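S.K.: Chain residues, written in single-letter form:
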Amino acid sequence: MSLTAHLAIAPVVIPALAAPIALLVMRRRRHLGIGLSFASCALMLVAALVLLNASADGTIRTYELGDWPAPFGIVLVVDRLSAIMLTLAASLSLIAMIHAVLTRADRKGWHFHPLFQFQMLGLNGAFLTGDLFNLFVFFEVLLIASYGLMLHGQGPVRLKAGVQYVIVNIVGSSLFLIALGLLYALTGTLNMADMGLRVAEIGPDDQGLLRVAALLLVSVFALKAAVVPLHLWLPRTYAVTTPAVAALFAIMTKVGVYSIIRVVPQVFGDGAGAAAWAPAPYLLPAAIITTIVGFAGVFVARTLSEQAAYAIIGSTGTLLIAVAGWQVETLTAALYYLVHSTLAGAALFLVADVVARRRASFGNSASPGPAFAQRQLAGLLFMAAAIAATGLPPLSGFIGKLLILESVAGLPGWGWSWAAILASTLIGVIGFARTGSVIFWKDADHKNAEHKDAGHQDAGHNDAGHRDEAEPVIALRRDMIAPVIAIALLTALSVGAGWATAYAGEAAAQILDNNATVRAVLGEG
Amino acid sequence: MAIPLTLYTLVSLPFVVALLIAVSGTHQRSLHAGLAAAGSAIGFALIVSVAGRVTGGEILAVTTPWVPAIGLDISLMIDPLGLMFAGLILGIGLLVMIFSHFYLGKGEATARFYASLMLFQGAMLGIVISGNVLMLLIFWELTSLSSFLLIGFWQHKAEARQGARMALAITGGGGLVLIAGMLLLGITAGSFDLLTILQSGDVIQASPLYPVILVLILIGCFTKSAQFPFHFWLPHAMAAPTPVSAYLHSATMVKAGVFLLARLWPVLSGTDLYTIIVTSVGLITMTFGAWVALFRHDLKSILAYSTISQLGLLVMLLGFSIKMAAVAAVFHIINHAAFKAALFMSAGIVDHETGTRDIRRLGGLAKVMPVTAIIVTLAAAAMAGLPPLGGFISKEMMLDETLEVGLFGLPWLVPVIATIAATLSVGYSLRLAVHLFFGSARDPEPYARAHDPGFGMWASPALLVIIAVLLGFAPMLLAGPLVVSVASAVIGGEAPEPGLALWHGVNLALGMSLFAVAIGVLLLWRHGPLLRWYEAMRHLDAKSLFQSTLTSADTVVRKLIVATHSPSLQRMLLATFAVIVLLIIEGALTGGGSFTGTRAGLAASPVAIGAWLLLIAATGAVIYAERQRFIALIYISVIGLIIALAFVHLSAPDLALTQISVEVVTILLLLLALNLMPKKPPVLSSAPQRWRDALLAITGGLGVGGAAWAMLTRNPNDPISSYHLAKSYSGGGGTNVVNVTLVDFRAFDTLGEIIVLGIAGLAIFALLDTTSRGAAGARLRSWQEDMPHSPERHPVMFVMSTRILLPLVLAAGIYIFLRGHNEPGGGFIAALVVAIAFLLQYLASGFDWTDARRRVGEHFMIAFGVLVAMATGLGSLVFGANFLASAFDYYTLPLVGEFELATALLFDIGVFAVVFGAVMMALQQLSHIAQRAARAHAAQLDADGEEGSP
Amino acid sequence: MIEYAVIFGFVCLTLALALNLWRLLKGPSIGDRIVALDTMVINAIATIVLIGIAQASDTFFEAALLLAMVGFIGTVAYCKFMLRGDIIE
Amino acid sequence: MRRVIPHPGLSVLLVIFWLLMANSLSFGGLLIGIIIGIVLPIFTAPFWPGRPNVRHRAGFVYLAIVLWDIVTANFEVAAIILFKRNRHLKPAWLVIPIELTSPEAITVLAGTISLTPGTVSSDVSSCGNYLLVHALDSPEPEADIARIKTRYEARLKKVFA
Amino acid sequence: MTLEFLVASAIGVLTAGGIYMILRGRTFQVVLGLTLFSYAVNLFLFASGRLTVNRPPIWSKTVTEYADPLPQALVLTAIVITFGMTAFAVVLALRSFLETGSDQVDGDIAPCDANAKNTKAER
Amino acid sequence: MTALPLIAEIVTSLMIIIGAGFALIGSWGLVRLPTLMERLHGPTKATTLGLGGMLIGSMLYFQLFEGRWSAHELLITLFLFITAPISANMIAKVHLHDLRDRRVPITKGPAGAPPKAPGESDWATYEAPHPKSAARTSEE
Ligand code: NA
Ligand code: NA
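Protein chains in written order, with our numbering: chain A, 1 to 525; chain B, 1 to 950; chain C, 1 to 89; chain D, 1 to 161; chain E, 1 to 123; chain F, 1 to 140.
Honestly, the hints are just simulated from the structure, not real lab data.
Don't take each hint at face value.
To be verified - Listing some non-contacts, in silico: residues in chain C with all C-beta distances to chain B over 10 Å:
1) M1
2) E3
3) Y4
As the list claims (entries may be wrong) - Now the stretches of chain F that chain C is said to cover, found in silico as 3 or more residues with beta-carbon under 8 Å:
4) 31–44
5) 126–132
Unchecked claim - SDA-like mimics (lysine to any residue), calculated; alpha carbons at most 20 Å apart, straight line:
6) C:K26 - F:W28
7) B:K543 - A:G379
8) B:K727 - E:K61
9) B:K680 - B:A553
10) B:K367 - B:E445
11) B:K157 - A:G379
12) D:K84 - F:G109
13) B:K367 - B:G439
14) F:K132 - D:P52
15) E:K61 - B:K157
16) B:K543 - B:H527
17) B:K157 - B:G105
18) B:K323 - B:G480
19) B:K680 - C:S29
20) C:K26 - F:G67
21) E:K61 - B:K367
22) B:K157 - A:G203
It should be emphasised that the depicted structure is a prediction, and the values quoted were computed from it without experimental measurement.
Quick reminder that beta carbons are idealized off the backbone N, C-alpha and C, glycines included.
With the rest of the complex left out, here is chain A (with noise of 0.2 Å):
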């Protein structure tokens, strides 16, 4: 067997090595250890690029691990959608990376690489897997690291919000080994695929219990993807967190959209008697619901952080509106759109960060303070991020909401989706419109510039007498390193729409072939 044969598990066996060896490098060796931490998400990119150009011609390859065969094995499942997940998470990745590491971000704290490297691990294996309870655990995987990471830096605010952060995960957590444990009790199985294969067996008797078990699995991954009503715990958190952290988080939310976009037509398709489609009553009004929320919150909101955070949310909801569709070209719209706003996300959060390091004590606040250091380059990646965010041209979000617009066009409760997805744009518009030329444009006057009080302090700054705190003032633009190269990627999404749509389309087209999956995972039998 070539070693090609194993690519599959490459994305998952990288950064389990890279994480480990960093942590015992890590305090000897830091250059080593950054270099490895940055060796292994470059590996993962071109593991998943290879992947990503493998699974082009339709072939779903599966990983049977320790050659057990499926389904009493766990086996992982490449197709288009994971290699489009996977491409996407190394790419965020390197970004994240790139600005922790330019911004000395990773040294604010313990063992940011080794969490960084096991946060990957964890997002690589939830994009893989193709075992329900396999997928809860790198659920765990991600999860945990993603504690770590959200609390790098500490500081109050961080503990506090971190507090209920964690909690209600492990709520959420908890909740998923209820539905799985339902699941297993009727479908005797674990294995997606087959899983999918059994439910259309379940006898009348054990509906009830089945269309339970749909609804709680996909709320729990509703809770991870942040949509009303459930979206409560991301606006502190995100907007608190360390930014090339809440850069990488951006695409936390996705997997529960991804999760949901897996699960739900290979488990509960058209089979699944009376959970078939289960959640689709209630997802459509909960996106339309979340954009708004969302793009309400980035009108109202007072930092730039606090606006990235609920852009977030906004973007899921209306990446949810497309989901909600269940067809080829809304899928297909939602996973260009998931991609572009992932990356978007991660964009705002960089920007803000940017922003906030060369306000000093202002921070990244909509508040008017002194002129800073490259205020020009800052408002035009600033203004970039804001458009790629809010979905305007020339950047890939237009083309994303066209592509929902027009997916969704016809199919029942699309006049409100189209006006929660174009009003969700314009207050986003005027809200980032607003910060923008308050942190860019307007000088503060003498009475303000004095006027630096402690409250006013970005909550994501540490406290005083952190190692790190005392940074000279930014002379160098190196942080704007991070952020141009994610809205470089998102320029490359918009010239490559045509590709990266065709590619889109062909993954939806593949997510709701059933029968193709379960000839990969279960054989031709």
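Starting from the known structure of chain A, arrange chains B, C, D, E and F with the ligands on it as the hints suggest.
M.R.: Just chains B, C, D, E and F with the ligands, lined up with the frame of chain A:
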């Protein structure tokens, strides 16, 4: 040049130039202006080069697929309409670039200015030569964005920022509505290709969606072209530098709405709905704008309202749905572009040279600024529609067409109002020229400063005025063919012969025109009293209305968002549990089926019932003693014990072992934390809150318990675990199926699981390592023990017993580890047991004593464990098997007998190391915090002291 | 005969556990509760052994052994907490 | 030999422990048991500074006596719990002067006292020369003290000589 | 009285107790609530293999009936993971208390509000 | 089973009954005895003879009925012999601590407050062990 190349060059040139300017450095004023002007000139030349072919009836088009999934192609198309607009954009653009160079001061950020201006030029050009409506939308929104940047160019001015945001909100918002309209249009027409759409007028007008499409598109057009009631952003956009106003807010961007109306004229016009809406909006805007313009004092404000009025005129003409009106509109577009841009530039000159734009402070400037006076007077005459200028001709045509249209069944309505509007136009136009240049100087200060600018500055407006004049004298020669071909493009068929001439004989239109001039002069004469009357009236200030709407929206939404999103864990959890409970209920009710299944139950033994009672009682006790945290903890351990018993009873020995050992470690953790926390906190929630929570809790309990009951009373559905049972020994080499599952069948899960523990250990370390610093350190240093304590730290019996226990428990741990594959046990449980053995030493002999005897760091253990597990997994790759494939075999040694070696054991070593490392890490880090914090602080102080000394 | 002895044993142990619970809930002092818990652990060990006899299986021996090995740690830790606050110092 | 097996008693205990864990006698098991019996005492030596040397024969005698006492005393205490009314109970604190000096020996004595029902070792004096014992029913405390000293402490002195 | 009833009702009671405690609003109680809830969840997951007495999944040639081993393996994994999560939550609760002096999960300044006092909507 | 000697069955049953009986008696003592110090004697019953009986019963059972030599029950006894006195000692210390230092309303019990240790010293619960005392361990 080949046509595709020409088109692509045309549309990309401005962007390239913008980029060049942006990267060319900040102090290159002339270079910036030069690049911008050159870019515009080249573009203009390209347009001129194709003009002949286009006016000759050829449509130049090129298409490259971009996003086929949505029908978005890179499609460019130049027909006469596009040609005319492109010419205006580039021609006036060139003049504006030149003018700007002289207008802008030395310190201005010219790079940003010209880059934004070129960005706008590209976007605007894109709108008019897009061959795909989705492309058009992209450029449409880009003009809003670039206009935002340009209006806000003087960023330090509040009115600039506000004006920019307002313009963005209105035009950007309108653009979004337009998106909806265009998408529906394209979906209805079956294509987003402009030419296809233009040929689908019948289909679209027959569609039930037509009214929706129409209204949506019109909103887009009206917002962009500042039509009532969306007009108010335009006057505030005048905060932009004057060249910007001249370019965007008179000649080009505001015409985008008019352009789109013209572009879609064949598709949308001709219905009653269209005529009524477009005509009345245009009419109202034309009149209203003119009326307000009459009373403004700021030159640019006068011009802004006059622009609104003129745009209304154009919209109205297009709304008539009459071919000849369309011809009139086309001709007026050209006229207006010429005289209005000239006027704006002149306003800029006046501002530049006198330091004010307040018409009340100016007057008699003709003496000191003769050139400017001539330019403005001629342009104003054109605006007033006085002969012999082009404006006169187009106004005549307009008035003539009004006679053809009856609105609301009233044939006189449109002509009468149009005449009134024309009158007002004459009024404000004359006022502009007369009050500026004639009479006496009203304020000596600006007058004293005033003089004509240099040639560079007045050349551009002069050229435009010459065009405006020539358009009156030789309209057919200069504009005739263009107007005809453009009008044909608008109409989508043969345009009627326009007959552009100053003199059409005595007709009603001439009468109306004369009336307008006469009354207009009257208005100027009586302007003073009129102004006092006007200013005595209350005016609805659209800007403050907009601002206050936005502010109150902000306040309300903010209140809502803050109220609902203030970070409250309790709310988050309430929402979560409520959603779950509702969904469980929904699922059960909708799904149907019976609550109790058919599986026969197992009879409960007395000890089971006893244990059950214990568990229920202990749970109740936890709730009851909730705030007495220590006692609640004791009750919790009872529950843990009962659950371990339950696992024993229910054939799950591995789980019992796990439960017992995890329980011990958990209790230690909780006690360590509790020591530094309040032991008995005050009541937090009110009685109603507690009842609410209790209700939710009971419902949740019923739901989950009910689901468990339903599950337990059903027969299993041929679970995959029968395979595991069958293959455990033969395929996995172990008889403990649970362990074989953990280290073999589902070793990947276990890998993830140990990594979770390892990460938890690392994260805990990261979290606690900083405890000695900052607020936490201060709190720890000042921490007062809240209970009286015994002075004895290490009770002798305890210490001595743990010393004999250590080797014994370690031996037990090794045993549990080794036999885990075949009997209950395994790496995880063994690790906990071994960890507990060492924790006992910490507990009895203290942190320092034990820590000093520790040999391997926890970080190493965690890393080592993960690496061992990974290496085991990767090892199988060497043998051509998949990741984590296991191997085992039986060997026989003399005396020893048969024994088994399995790679799973190696994997289990990894499990052991990670679990041990993580558990030790968590407990160690959590113990002795206060003392360690004090010590760390002292060490820090020492270090600081040493650093301070030389 | 052994069956009856086992049933008798289960009844005794169940009663014993119930009595422990009573003391656990009643207190009055913390020490009383800790004693009750400690006794409960021992009775639980006895129960596990008896289950082993009743099921003629020594699969559960490890559970009993483990409880005997580590069950007292809870007791000791609770006591240490009452005495010193910091259980690992 | 001393270096490899510094504490033969502990080593033997571990071998027996291992065989009991395995619950079977096999050569393989014995082999592992011996390895463990050698390795673990060395490995855990730092955690038990000054491991005392024990006289094994005296130790076994002591163990036998204690086991016998446990059985008999248990019946006595059971009788007390079942039949003696609280008001007839005569609980008492016994203060036992001890001559043992090593903490290990004191611990064994205290443990013995606790294991033989009816008495619970409650505390040691801060100088280490008195043991505080609670007796459930001790009408004659002095006699109980004397019994403990002669029956247990005296023998322990021989064990930990 | 069947074992199934005992287990199901115990799961229900533990869930209810857990939810109630989780909603208490102070970190330590919440952690205790999570512990209760996780007991319930582990039992639930375990119960997905149905209840079996005296048939532990230790393979032997002579035995044909076993308890379902898979849920047991899953619960073991779940217990371990829950332990890691609980440990982290406990530490975080303590750390947050030490940093802020409050063990309440709510009632802290939101960054939202902290910045609001310096930031008025621009007029 | 019929082949088995009746005496074996009787002895095994007896051990089980004795074991369970003692466990119950110990727990009953926990309930009925007047204060903590007296109650502390109850668990030592369950520990020693109660559990001991049960374990001997188990050993006999596997030996006689299953035909397996089983002695690992002794290990449980071993561990309990080591751990039970520690538990009792620590609980007694808590009681002593409660009596004098914590001033919680607690009945001293029929035995009253413990006498002060003779000589200069006090009980270790009230006074940290002296530096050279045998009661002092693990201090560095
Ligand atoms: Na597992
Ligand atoms: Na004990």
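S.K.: Decide, hint by hint, whether the structure agrees.
M.R.: Hint-by-hint comparison with the structure:
With a closest Cβ-Cβ approach of about 19 Å to chain B, M1 (chain C) is found to remain outside the 10 Å limit, as its non-interface label requires. Chain B leaves E3 (chain C) outside its interface by the beta-carbon criterion, the shortest separation being 12 Å against a cut-off of 10 Å. With a cut of 10 Å on Cβ distances, Y4 (chain C) stays outside the contact zone with chain B, its closest approach being about 13 Å. For the region 31–44 of chain F, the proposed coverage by chain C is satisfied: 6 residues have a C-beta within less than 8 Å of a C-beta in that chain, meeting the threshold of three.
Proximity of the region 126–132 of chain F to chain C, defined as three or more residues with a beta carbon under 8 Å from a beta carbon of that chain, is not established by the 0 residues found. Taking the CA atoms of K26 (chain C) and W28 (chain F), the gap is near 14 Å; set against the 20 Å cutoff, the hint holds. With a C-alpha separation of about 26 Å, the suggested pair K543 (chain B) and G379 (chain A) falls outside the 20 Å cut-off, and the hint is violated. Restraint check for K727 (chain B) and K61 (chain E): satisfied, since their Cα atoms lie roughly 12 Å apart, inside the 20 Å limit.
Of the supplied pair hints, the one linking K680 (chain B) and A553 (chain B) is violated, its CA atoms being roughly 45 Å apart against a limit of 20 Å. A hinted pair counts as satisfied when its Cα atoms are at most 20 Å apart, and K367 (chain B) with E445 (chain B) qualifies at roughly 15 Å. A distance of roughly 17 Å separates the Cα atoms of K157 (chain B) and G379 (chain A); the hinted pair therefore holds under the 20 Å criterion. For a cut-off of 20 Å, the pair hint linking K84 (chain D) to G109 (chain F) stands: about 16 Å separates their Cα positions.
Distance check on the hinted pair: K367 (chain B) and G439 (chain B) sit about 10 Å apart at the alpha-carbon level, within 20 Å; holds. The straight-line distance between the Cα atoms of K132 (chain F) and P52 (chain D) is roughly 17 Å, inside the 20 Å bound, and the hint therefore holds. Between K61 (chain E) and K157 (chain B) the CA atoms are separated by roughly 89 Å; this puts the pair beyond 20 Å, and the hint is violated. Of the pairs offered as hints, the one joining K543 (chain B) and H527 (chain B) is violated, with about 25 Å between alpha carbons and a cut-off of 20 Å exceeded.
Between K157 (chain B) and G105 (chain B), the direct Cα distance comes to roughly 16 Å. Compliance with the 20 Å bound is thereby established for this hinted pair. Of the pairs offered as hints, the one joining K323 (chain B) and G480 (chain B) holds, with about 16 Å between alpha carbons and a cut-off of 20 Å not exceeded. Using a Cα cut-off of 20 Å, the hinted pair K680 (chain B) and S29 (chain C) holds, with the two alpha carbons roughly 16 Å apart. A threshold of 20 Å between alpha carbons decides the hint, and for K26 (chain C) with G67 (chain F) the separation of about 45 Å lies outside it, so the pair is violated.
Our distance criterion of 20 Å between C-alpha atoms is broken by K61 (chain E) and K367 (chain B), whose separation comes to about 119 Å. The straight-line distance between the Cα atoms of K157 (chain B) and G203 (chain A) is roughly 72 Å, outside the 20 Å bound, and the hint therefore fails.
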